[in-house]
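**Student:** Sequence:
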Amino acid sequence: MADRENLNRWQRISGVSGHEEGRALYAGRLTGDLGYLDDPGAYPGMLDSQQLLTAQVPPGIGVHRELDVPKGTGWHEGERWNAGIAWEFLRPLQLG
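Residue numbers (my numbering): 1 to 96.
Keep in mind the hints are simulated off the structure, nothing from the lab.
The reader is advised that the hints may include incorrect statements.
Label pairs and their in silico Cβ distance ranges [unchecked claim]:
| # | residue 1 | residue 2 | range |
| --- | --- | --- | --- |
| 1 | Glu77 | Arg4 | 33 to 43 Å |
| 2 | Gln11 | Ser49 | 20 to 30 Å |
| 3 | Asp38 | Glu79 | 41 to 51 Å |
| 4 | Gly78 | Asp38 | 17 to 27 Å |
| 5 | Pro92 | Arg29 | 17 to 27 Å |
| 6 | Leu30 | Asp3 | 23 to 33 Å |
| 7 | Arg12 | Leu53 | 16 to 26 Å |
| 8 | Leu25 | Ala86 | 16 to 26 Å |
| 9 | Arg4 | Gly72 | 36 to 46 Å |
| 10 | Asp38 | Gly84 | 35 to 45 Å |
Beta carbons: idealized from backbone N, C-alpha and C, even for Gly.
Given only the sequences and the hints, what does the whole structure look like? Please build it.
**Tutor:** Here is the structure:
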């Protein structure tokens, strides 16, 4: 990282969120390639985890960038993303 000297200790050790999410998705797939998901229950668990990680992208970007939910979605159209809408979006996946 070229600007490392301007980061605080937490920023230096925590990584960049987008990179970390990508690494998490890659690691999940890699475990399968290495044979760790041969148990019939393990592979669906990995897919469930990947689904949740992937689903966090729209509300994460929407909340942090203070964007509106896109028109044409049929769900909270034109409303600004906030913690309540993000929770409503993600909750079914977390309970599923």
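**Student:** Confirm or reject each hint.
**Tutor:** Consistency of the hints with the structure:
| no. | hint | in the structure |
| --- | --- | --- |
| 1 | Glu77 <-> Arg4: 33 to 43 Å | holds (42 Å) |
| 2 | Gln11 <-> Ser49: 20 to 30 Å | holds (26 Å) |
| 3 | Asp38 <-> Glu79: 41 to 51 Å | holds (44 Å) |
| 4 | Gly78 <-> Asp38: 17 to 27 Å | violated (47 Å) |
| 5 | Pro92 <-> Arg29: 17 to 27 Å | holds (24 Å) |
| 6 | Leu30 <-> Asp3: 23 to 33 Å | holds (30 Å) |
| 7 | Arg12 <-> Leu53: 16 to 26 Å | holds (24 Å) |
| 8 | Leu25 <-> Ala86: 16 to 26 Å | holds (20 Å) |
| 9 | Arg4 <-> Gly72: 36 to 46 Å | holds (42 Å) |
| 10 | Asp38 <-> Gly84: 35 to 45 Å | holds (41 Å) |
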